[in-house]
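Chain order of the listed sequences is A and B. My numbering puts the first sequence at residues 1 to 501. My numbering puts the second sequence at residues 1001 to 1244.
Among the hints, erroneous ones may be present.
Pairs of lysine-lysine, DSS-like flavour, derived with a Cα cap of 25 Å [as the list claims (entries may be wrong)]:
hint : chain 1 : residue 1 : chain 2 : residue 2
1    : A       : K225      : B       : K1157
2    : A       : K172      : B       : K1153
3    : B       : K1143     : A       : K111
4    : B       : K1109     : A       : K151
5    : B       : K1057     : A       : K57
6    : A       : K148      : B       : K1153
7    : B       : K1110     : A       : K151
8    : B       : K1057     : A       : K151
9    : B       : K1153     : A       : K225
10   : A       : K151      : B       : K1157
11   : A       : K172      : B       : K1123
12   : B       : K1057     : A       : K172
13   : B       : K1220     : A       : K172
14   : A       : K172      : B       : K1110
15   : A       : K148      : B       : K1054
16   : B       : K1153     : A       : K151
17   : B       : K1078     : A       : K148
18   : A       : K114      : B       : K1153
Here are some chain A residues the structure puts well away from chain B; computed CB gaps all over 10 Å [said to hold, decoys possible]:
hint : residue
19   : L101
20   : T139
21   : K157
22   : P161
23   : I219
24   : E221
25   : P251
26   : I314
Where chain A lies over chain B, by a calculated footprint (3+ residues, C-beta under 8 Å) [said to hold, decoys possible]:
hint : stretch
27   : 1098-1107
28   : 1140-1147
29   : 1161-1170
Read the hints as simulated data drawn from the structure, not as lab findings. Even for Gly, the Cβ is constructed at its ideal location relative to N, Cα and C.
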Amino acid sequence: MRRTILSILVMAGLFLSSATALAAGQEVEKLYQRHCTACHGEKGDGDGPAAYLLSPKPRDFTRGVYKFRSTPTGSPPTDQDLLRTLKHGVPGTSMPPWDRLSEKELTDVIKYVKSFSDIFADQGAMEPPIAIKSPPRLTKESVQAGRKVYKEMECNKCHGPRGRGDGPSAAKLTDDWERPIRPYDFTRGPGLMKGGAAPQDIYRTFMTGLDGTPMPSFIDELTEKQRWQLVHYIQSLSPAGTKTTAPESTPTLRAVKASVDPPLDSDDPVWKQSPATVVPLRPLWARDTWVDSVKVQTVIGPKMAAFRFEWRDIRGNDEVIRPRDFRDGIAMQYIPQGKPSDYVGIPFIGMGDDKDVVTIWHWKADWEADMKKGFRDVVQKYGVTMDRMTSPADHTSDRIYLAGLAAANPLSTRQHSTPVEVLAAKGFGTLTSLSATDQTVEGRGVWRNGVWVVVMRQTLDSAPALRQRKILPVAIAAWDGDAGDRNGQKSVSQWMELTIE
Amino acid sequence: MKQVRWAILIPICLFILGVNAAEAAEYAVQAGGVKNGGTVYGRVIFKGTPPPPKMMKVDEDVATCGPDRPSEALLVSKSGGIKNVVLSIEGIQSGKKWDFPKEFVYDQKKCRFVPRVLLIKPKSKGVVLNSDPVGHNFHTVSKGIYNVNKKIKADAKMVVAEDKIRRSGTVRAKCDIHSWMEGWWVVAETPYTVLSDENGNFSIKDIPPGTYKLKIWHEKLGESQQPVVIETGKTTELSINLKL
Ligand SMILES: [Cu+2]
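Work out the full structure, taking the sequences as your base and the hints as a guide.
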């Protein structure tokens, strides 16, 4: 009798635990699909629908090879390591910080990521993290000594004699997926170090190596003293004042109501009343320079809503006449019917969304220049078309933006009535330019002393969501012509909340 | 309380059973060895004229590594035999003892891997040497079999512990400092796995009679297979043609 009860209990227990496990599993799968699949792929093989737009490529989780670990080379990362990567993102790449996910969601999604490779279940492969003591003080002497260690250890062969990432072996390096990869240029400063820039982080990076890349582990090569000397030398190569990106978090935008309609003039006093939010952007295709942040302001008047964008750009590019001239641009996208909590924190890649219609306002420097200077016949003069421009991203140019271009061919419609193209997308690859009569967003851009300031605005009648809703999901994308940006090669923010008071 | 404990215990038992079942399918050594087994004797031949080997540019540590050298990715003898082809008979559940060396040694000499192709068994331990006066970074690439990247300084070595090479398959070895360095580890599934010599010859002995698949792998010529019939006490002769 007791035994029957027991076995019934066991059966029930098993049933319940597997049923709840199943439901929880589906939740986690959804979480991964919503946030990670676009880049890392449904199967975790790094081949998501957006991967073709990205460099470096998203990690292929099926190999079980990870860069950022506290464990020796060959060993999988700890949960703590993965958590650190998720919380900070990977600086200088499209991998954003996932600060908007709760601790529980992060733990769950880590479990899911680990399930793509059996190495995490392999006791033999798993090794404990290396111990890192607290760093000694940096002195002139320790930096000098570190310089010698750097040379003895042959760091210079990849990172170069001055740490510029230009050593003799640098040009031919490839990662484990046969893709070209560059050694870190330490003079870019500490802010872009993927593994972290604190002394302990640098120590960890060269002790464990970055698996899957040419960066090896030096764990058996150095005495404890030499290790810290090397850390100090690396720190000395990153000059003070170079870019430091603080741990990023997703900001919130705030729109203020004004009693008069905001003008296109970016110097108008109305902009002084409106709080500016600094929005960090990440390059989809990593390179030396990109638009890394944009200051955004929003003002809503009785009849008009306007956005003001300000960002640094050493040279204004407003011509697309010769193939090497790419254009600058900025885009603001919002989801008129979207629930912010469905979006906030997810990077905007430019592919629309399955659930809701995304509206995009895309201001283009060259369109504005055409309006100002009159249309110059590029075709006659140079016989060049947009799609002949070559760059790493070109062979698979952004289908979305190509769709946009096809709908409003820049060569056939050079006489623009506005420098802003309005587009809409629902679902991947569905971006289309709205018809000419719906091209009602006005814009004006001014480039002065290395800064672009652009204002875009529309009547509230044409953008009813900006009148009716109190909170909306918005995202920003920027193109830097000098860096070769065009189409899908751009910098993007994550989806943010725009709150309208 | 009790049912909770059971609910945990039962899945654990199932898990252990499952693991055992999976392990049973792995290769087992026959007690007393294979008596009167068959032998495959064969030769791997390159079909057509092999392309001249690519010259590898030696542009780093030239004093130690130089001068430029021909690629060793495809080595064909004068009479057409291909070296470093891996041949294995698939589908033998149990048979002879592993006759592989207990511990492997992989060397880096004059900025090349010696041997270029190394045959080892799963879970082997061994050592990677650096016999050069310059450093190498020993970097392996594989699909989850063994992936490390470790700097080995001049005249030093790296120990590979027993449980690090996780399963059978191919592992590519490279050194990123010297871009031309390339080598392969082939982790065998059964002891019925051999490497062809410089004349393309190979032999596999003590095979229990039966019809099997012979798997053929070469780093440049890829993977193929063909059926092979083994009869008690007899030698089966094979001639295998490969092309680019
Ligand atoms: Cu080397």
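Status of the hints after comparison with the structure:
1. At most 25 Å may separate the alpha-carbon atoms for a hinted pair to count; K225 (chain A) and K1157 (chain B) meet this at roughly 22 Å.
2. Simply put, K172 (chain A) and K1153 (chain B) have alpha-carbon atoms about 21 Å apart, close enough for the 25 Å limit, and the pair holds.
3. The hinted pair formed by K1143 (chain B) and K111 (chain A) meets the criterion: a straight-line CA distance of about 20 Å does not exceed 25 Å.
4. A hinted pair counts as satisfied when its Cα atoms are at most 25 Å apart, and K1109 (chain B) with K151 (chain A) qualifies at roughly 22 Å.
5. Distance check on the hinted pair: K1057 (chain B) and K57 (chain A) sit about 29 Å apart at the alpha-carbon level, beyond 25 Å; violated.
6. At most 25 Å may separate the alpha-carbon atoms for a hinted pair to count; K148 (chain A) and K1153 (chain B) meet this at roughly 15 Å.
7. About 21 Å separates the Cα atoms of K1110 (chain B) and K151 (chain A), which keeps this hinted pair within 25 Å; it holds.
8. Note on K1057 (chain B) and K151 (chain A): the hinted pairing holds, with a Cα-Cα distance of about 24 Å set against a maximum of 25 Å.
9. Distance check on the hinted pair: K1153 (chain B) and K225 (chain A) sit about 18 Å apart at the alpha-carbon level, within 25 Å; holds.
10. Restraint check for K151 (chain A) and K1157 (chain B): the C-alpha separation of about 20 Å stays at or below 25 Å, so the hint holds.
11. About 33 Å separates the Cα atoms of K172 (chain A) and K1123 (chain B), which puts this hinted pair outside 25 Å; it is violated.
12. Our distance criterion of 25 Å between C-alpha atoms is met by K1057 (chain B) and K172 (chain A), whose separation comes to about 12 Å.
13. A hinted pair counts as satisfied when its Cα atoms are at most 25 Å apart, and K1220 (chain B) with K172 (chain A) qualifies at roughly 21 Å.
14. Proposed proximity of K172 (chain A) and K1110 (chain B) is supported: the alpha carbons are some 20 Å apart, at most 25 Å.
15. Among the hinted pairs, K148 (chain A) with K1054 (chain B) is inconsistent with the structure: their alpha-carbon atoms are about 37 Å apart, more than 25 Å.
16. A hinted pair counts as satisfied when its Cα atoms are at most 25 Å apart, and K1153 (chain B) with K151 (chain A) qualifies at roughly 12 Å.
17. For a cut-off of 25 Å, the pair hint linking K1078 (chain B) to K148 (chain A) is broken: about 50 Å separates their Cα positions.
18. For the suggested pair K114 (chain A) and K1153 (chain B), the alpha carbons sit about 33 Å apart, so the restraint of at most 25 Å is broken.
19. The beta carbon of L101 (chain A) is kept farther than 10 Å from every beta carbon of chain B, the shortest such distance being approximately 27 Å.
20. Against the 10 Å criterion, T139 (chain A) stays outside the reach of chain B, whose nearest CB is about 26 Å from its own CB.
21. Not every CB of chain B lies more than 10 Å from the CB of K157 (chain A), the least distance being 5 Å, so the non-interface label is violated.
22. Every beta carbon of chain B lies more than 10 Å from that of P161 (chain A), the smallest distance being close to 14 Å; the non-interface claim holds.
23. Not every beta carbon of chain B lies more than 10 Å from that of I219 (chain A), the smallest distance being close to 7 Å; the non-interface claim is violated.
24. Separation of E221 (chain A) from chain B is inadequate, the least Cβ-Cβ distance of about 6 Å not exceeding the 10 Å criterion.
25. Distance check on P251 (chain A): its Cβ is at least 38 Å (rounded) from any Cβ of chain B, clearing the 10 Å threshold; non-interface status holds.
26. Distance check on I314 (chain A): its Cβ is at least 34 Å (rounded) from any Cβ of chain B, clearing the 10 Å threshold; non-interface status holds.
27. With a threshold of 8 Å between beta carbons, the proposed coverage of the stretch 1098-1107 of chain B by chain A is violated, since 0 of its residues qualify and at least three are required.
28. Proximity of the stretch 1140-1147 of chain B to chain A, defined as three or more residues with a beta carbon under 8 Å from a beta carbon of that chain, is established by the 5 residues found.
29. Under the rule that three or more residues need a Cβ within less than 8 Å of chain A, the assignment of the stretch 1161-1170 of chain B holds, with 4 such residues.
Violated hints, listed in ascending order, are 5, 11, 15, 17, 18, 21, 23, 24 and 27; each of the other numbered hints is respected by the structure.
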